[in-house]
Structure formats: structure tokens, C-alpha cells
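Build the full structure now, drawing on both the sequences and the hints.
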Amino acid sequence: MALRLHLFLVFRLPVWFLLVSEYASIPQEKVDVHNLVKFGFPPYSENTLLENAANTIHRIRVRLAHRLEALRALPYLVLLNPHLAKIYNIYLTSFAKLYNFDTPKTLDQNADFVDNLQFLVQLHSETIETLSKGFSECKQYMNPVDINTYIDLHLRDRIGTRLLAEHHIALTNPISDSYIGAIDTKLKPATVVRSCAQFVSDLSEMKYGAAPKWKIDHGEDVEMVYIPVHLEYILTEIFKNSFRSTVENDKLDKPIIITIAKAPKGVTIRVRDSAGGISPNTHKNIFAYSFTTFDAAEGDGFRTLNTPPGGGGSTIAGMGYGLPLSRAYVEFVGGTFSLRTYYGWGTDVYIKLPVVDI
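Residue 317 in full-length UniProt numbering is what sits at position 317 of the sequence shown, and the numbering runs on without skipping anything.
Simulated from the structure, these hints should not be mistaken for laboratory data. Among the hints, a few may not be true.
To be verified - Ranges between beta-carbon positions, derived for each pair:
1) 342 with 109: 51 to 59 Å
2) 342 with 76: 45 to 53 Å
3) 47 with 283: 49 to 57 Å
4) 58 with 122: 17 to 25 Å
Stated by the list, open to error - In silico DSSO-like pairs for lysine-lysine, Cα to Cα no more than 27 Å straight-line:
5) 284 with 251
6) 213 with 352
7) 188 with 213
8) 254 with 207
9) 265 with 186
10) 30 with 215
11) 133 with 284
12) 262 with 215
13) 262 with 133
14) 215 with 251
15) 262 with 186
16) 284 with 352
17) 213 with 262
18) 133 with 207
19) 105 with 38
20) 133 with 186
21) 188 with 254
22) 133 with 86
23) 133 with 188
24) 215 with 188
25) 105 with 30
26) 265 with 188
27) 262 with 38
A quick note: this is a predicted structure, and the numbers were derived from the prediction, not measured. Don't be surprised by glycine CBs; every beta carbon is placed ideally from N, CA and C.
In C-alpha cells form, the structure reads like this:
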């Protein structure tokens with residue numbers, strides 16, 4: 001099936017160029033979490049699901065077309081890179097698949113559409129690693145600032161596209177009573193903190209034979225409306241940095257402290273470590289994609305793909321997308337991600353997430 005689709009695309013490329021350009025000329029609508037919760041709680045009527053299916057298929061077609069146009073605009077030698085060419089082919093295949101899929105008119109057709117969305121989500125699950133390899137090999141052909149800007153825009157757009165797909169999947173197949181699509185209306189950050197901290201603690205034990213202590217000093221009962229997989233990714237990446245620094249700087253006697261505070265305008269999560277802080281030379285680069293303090297000589301066995309929600313980061317350090325991508329996830333919902341470091345003492349990371357009204 002994949003080969004037939006590939007050959008179909010090759011022989012009709014001029015047609016697809018025109019279709020992509022047509023859809024790319026349509027303004028891209030912002031994905032707003034406040035609008036995603038307008039459906040209320042399940043069960044949903046046939047009308048609601050079919051209307052959202054039509055909206056989702058159109059918006060994702062437009063978003064894929066915009067990314068294809070952006071890829072086409074890259075310098076010729078950059079797009080010839082096999083990794084970036086692979087990204088282009090994945091996006092073109094996804095666009096063609098959705099373009100050829102008729103807007104669902106019945107619940108059975110919607111079920112087929114959901115199957116297609118799940119296939120596309122899976123198809124794109126490894127694209128961040130591929131993107132990273134491609135730009136790593138093309139550094140001599142583009143300005144570093146332009147590379148960083150391009151990756152940031154690409155990944156922020158990817159967040160919205162994936163959320164649209166996963167939200168419709170979850171509206172059709174509800175996760176639980178507290179969810180509206182992919183959004184948990186009774187998410188307890190403390191529960192996510194415990195899960196992520198335990199996960200990173202296990203990684204640290206495997207890598208170093210030791211892991212720092214950690215504790216939540218406030219906010220155990222705080223609830224919020226948010227996307228659980230986004231918070232899981234953000235916290236996991238922050239903990240990877242804090243745990244690794246604490247162990248490598250021999251500060252195991254200093255626990256990592258997590259504070260969760262709710263205010264009228266939102267929820268703030270602070271992760272504080274006493275691992276010695278970040279050096280000035282490192283600090284100026286921490287939000288640059290592909291910047292990492294990880295030593296490749298340690299071996300690939302402990303690298304992470306920093307895979308965003310839906311994937312699985314499995315080691316303690318990696319390719320340098322963790323902090324900038326975490327910031328992108330926070331800013332996607334209108335929040336702020338800030339870091340205060342005190343060289344010689346430690347680092348505080350603040351995640352501020354706004355209130356989402358149901």
C-alpha cells in the first residue's frame with residue numbers, strides 16, 4: 001500500500017504541487033485550547049462528531065500544506081538532505097491521504113477517519129529525530145539562527161496539528177468522564193509530577209547507580225484543565241536536567257523541590273534544584289535547538305530522542321530539544337516558561353499555565 005501511494009505521488013507530483021499551494025494560500029487558524037473544550041463532556045451527538053470531523057480534516061490539510069510550503073522554501077541543498085527529504089515525503093503522503101479522504105457523513109465514516117488520523121499520528125511520531133539529524137548535517141548551508149527559527153516554527157506547528165488529530169480521536173473514543181477530547185478537566189499536576197519524577201529517577205538509577213531525592217512541598221490537591229501528555233513531556237525534560245545535574249555535581253544530599261501553586265489566573269509549577277546552577281557559557285544556549293551538554297562519547301545507550309507526547313523518551317540526556325520544546329508546549333496554551341539559575345547554587349524552573357474555562 002505504501003509503495004503504491006509513493007508511486008502515485010511521484011507520477012502526479014505537479015498536481016500535488018498545485019493542490020498544496022492552493023491549501024497553503026488559506027490562512028492557518030490558531031489552535032486554541034479554550035475552543036477545544038466548548039464541546040462539553042461526552043457522550044457527543046452524531047452531529048457534533050461529524051461537524052468536528054469536517055473542521056479537523058480541513059484544518060489539518062491546511063496546516064500540512066503550510067509545512068510543505070515551508071519545507072519547499074528551504075535552500076535547495078538542505079532539502080536534498082535524505083532526512084529532510086524524508087520529512088517532506090511524510091508530509092506530502094499525509095496531505096495526499098487526507099485530501100483523498102472524503103469528509104465523513106456518517107458515524108461509520110467517522111470511525112474510518114479516526115483510524116486514518118491514528119495512522120498519521122503514528123507516521124509522524126519519529127519525525128523530530130529525523131528533523132534533528134537533517135539539520136545537524138546541513139549546518140554549513142544555513143545560518144544557525146535561521147535553523148533555530150525554522151525548527152521552532154515547525155515544532156510549534158506540529159504541536160497544534162497533532163493536538164487537532166488527537167482531540168478528534170478522543171472525542172470519538174472518550175478517554176474518561178473528566179476528559180473533553182484530549183483535555184483533562186480535573187488534571188492533578190501532583191499526580192503527573194510523581195509519575196514523571198519516578199520515571200526519571202529510574203533512568204538515573206540505570207545510568208548512574210543513584211538518583212536524587214525529590215518532594216512536593218505544596219499543592220498536592222491542585223486541579224487544572226490541561227493536556228496531560230503535554231505536562232508529562234515538560235516535567236520529564238525538566239527532571240532529566242535537574243536529576244542529571246544533581247548526580248553529576250555530587251549533590252545527592254540536596255533534594256529537588258516541586259511547588260505547585262494555584263492563583264485566580266492559572267497554575268504555577270516550580271522545580272528547584274541545588275545542583276550548582278548553569279554556567280554563563282551554557283546558559284546563553286539552553287533554548288537553542290540541538291544544544292546539549294550531553295557527551296556523545298558516553299554512548300548511544302543513554303541518549304533520548306526527546307520524543308514529544310505520543311513517543312517515549314527513554315534515557316537521561318539527548319539531542320538538545322528538551323528545554324526549547326518544553327517552552328514551546330507551555331507557550332502554545334498562552335503560558336510562560338522561565339528559568340532562573342544561580343551559578344554555584346542551583347536552578348529554579350517556573351511553568352505558568354493559564355486558566356482554561358469550561
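Violations among the numbered hints, reported as their numbers in ascending order: 10, 13, 20, 23
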